[in-house]
Amino acid sequence: MAKTILIVDDSPTILLSMSGILERAGHSVVQASSAEEAVAKLKSGVRPDLVITDFHMGAMNGIELVREVRKMAGFQFVPILLVTTESQQEKRSDAKAAGATGWLVKPVQSDALLQVIKQVVPGA
Amino acid sequence: MNALMLILTSLMAGGAIGLLGGRFLARPAAVLPAAPVAVAEPSVDSLGNDDFHAKADLVASELGHYQSFLGILRDQIANVGVETEGAALDILVRLAEIDRRIQAIIAFVEPSGTDDDVGDLMRRSEARMAESRRLLDDFRSSRDSTACETRKSLDEILGMVAGLNRIVIQVRTVARQTSMLSINAAIEAAQAGENGKGFRVVAGEVKQLSRVSDQAARDIGDGISRLQSAIRTSMETLVLDRLEAEKKGFDQLVGSIGDLTENFDRLIGHQRDVMGKVHSESEMIAAPIMQLIGSIQFQDVTRQQLQHVSQSMDMIGRHSHQLGLNLQTDRLDQGILGIEAEIAASLAGYVMSQQRNIHNQSIGADAAEDKGPLVELF
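Here the protein sequences come in this chain order: Y and S. Once you know that position 108 of the first sequence is 108 in our numbering, the rest is easy, because the numbers rise by one and skip nothing. Once you know that position 97 of the second sequence is 1097 in our numbering, the rest is easy, because the numbers rise by one and skip nothing.
Derived by calculation from the structure, the hints in this document are not laboratory data. Where hints are given, some of them may not hold.
Examples of chain S residues lying across from chain Y (beta carbon under 10 Å, computed) [said to hold, decoys possible]:
{"id": "1", "residue": "Leu1095"}
{"id": "2", "residue": "Ile1293"}
{"id": "3", "residue": "Val1301"}
This structure is a prediction, so every number in the text was calculated from the model and none was measured. Just so you know, even glycine gets a beta-carbon here, dropped at the ideal spot from N, CA and C.
Looking at chain Y on its own, in the form it has when it is part of the complex (with noise of 0.2 Å):
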């Protein structure tokens, strides 16, 4: 069943990447090329079923993003992924700390992202 999903990343391959593969699995995609940019698009009224964010960013990370979304009414419960390039396992104990869903290490085939969108989105 087709989901919204928010993509985070300062990378324009990895924004047109991501799309390519979750539009093709017919998901509906919103983009921000910032966390600040995201946060910005969940208040405007962007309710996605699944935000998925890249790790380092410009001023504000991906972990501190977590922590302002989780501060947002209504996104306690939205499902999180992080997916980056860092693999110390201290950062992902954060990225757990902080109310992330889960982590996933770039580069991220269609097969496998797809199969984690079903595990930690209801009815995707």
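With chain Y's structure known, arrange chain S on it following the hints.
Relative to the frame of chain Y, chain S by itself:
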């Protein structure tokens, strides 16, 4: 580079080792030149010692050039990032377009598609052909039944005519018996003499009547035979021959349609095979395209690795520049960390386990890395 090495070697031989030990000759920091610095030609005093400060200026100048050269390399690397990102985006756009076209092909040949698709067209054509074959079979059965009934009717007519012939034979038998009776009556009348005179006249009339009756019956029999012949001829010519000709023509038509149907079935079968092949091949092409779209993410991975290399080059440039400046003072550690500390800081700045492993392998350290799974759900 060779000149720099020569100078450094000379410095160390001439007392720079003392510099590294913190016993560098005092030199006012206020006169530190900005890199690159003006280079003074080294001179030799009367005892044969190098002019240390002149050499230090030369080294500082060379180190200053390192910074600008590393800046050039950093810009080159940055350009690689820009170029590869542009190429990756172009590849993604083209892959997306290829995928869109393949999906259109798959939808077109989809076996369970809409009324407009080729599969449905084939199914409808097959149904039409089957209906045509059924109608032809029904029509042939109907024509065979009609021919059979016509032949039966003809046989009935001929049977009825044959029945008339039997009546004619009976009439002629009666006529012959009447003739015999008249002969006997004439004999009896002759034996009766004058008394039988009237009876003889009656016997003569009866004989004449029987002869006329027989002739009439014979004429009727001849007429019936001609009628039988005429009926048989006309019916066989007009009905049976025509039915036979129609049947023959119809059989040829059925045969032709049968061949056509067979060829059409073969064509549809071939078409279905082609469609199935196109469908399966398109699916096989589409799957790796999605994988390619995912794999293009390597560009972002590479970009981050290059970014870190670029940052390290900046560090080396700053470090070498500051080292050159410090060489001209008595504060060798002023404004910089030791290079080992910089290398350690670089290690801490990596984000990928692959970077850390390469780093550790390069410096001969253990490649201990707490690399977690590629996918982890909390």
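Verification of the hints:
1. About 7 Å separates the beta-carbon of Leu1095/S from the nearest beta-carbon of chain Y, less than 10 Å, and the hint is met.
2. Taken as an interface hint, Ile1293/S checks out: its beta carbon lies about 5 Å from the nearest beta carbon of chain Y, inside 10 Å.
3. The closest approach between the C-beta of Val1301/S and any C-beta of chain Y is roughly 5 Å, which is under the 10 Å cut-off, so the hint is satisfied.
Every hint from the earlier list agrees with this structure, and none is contradicted.
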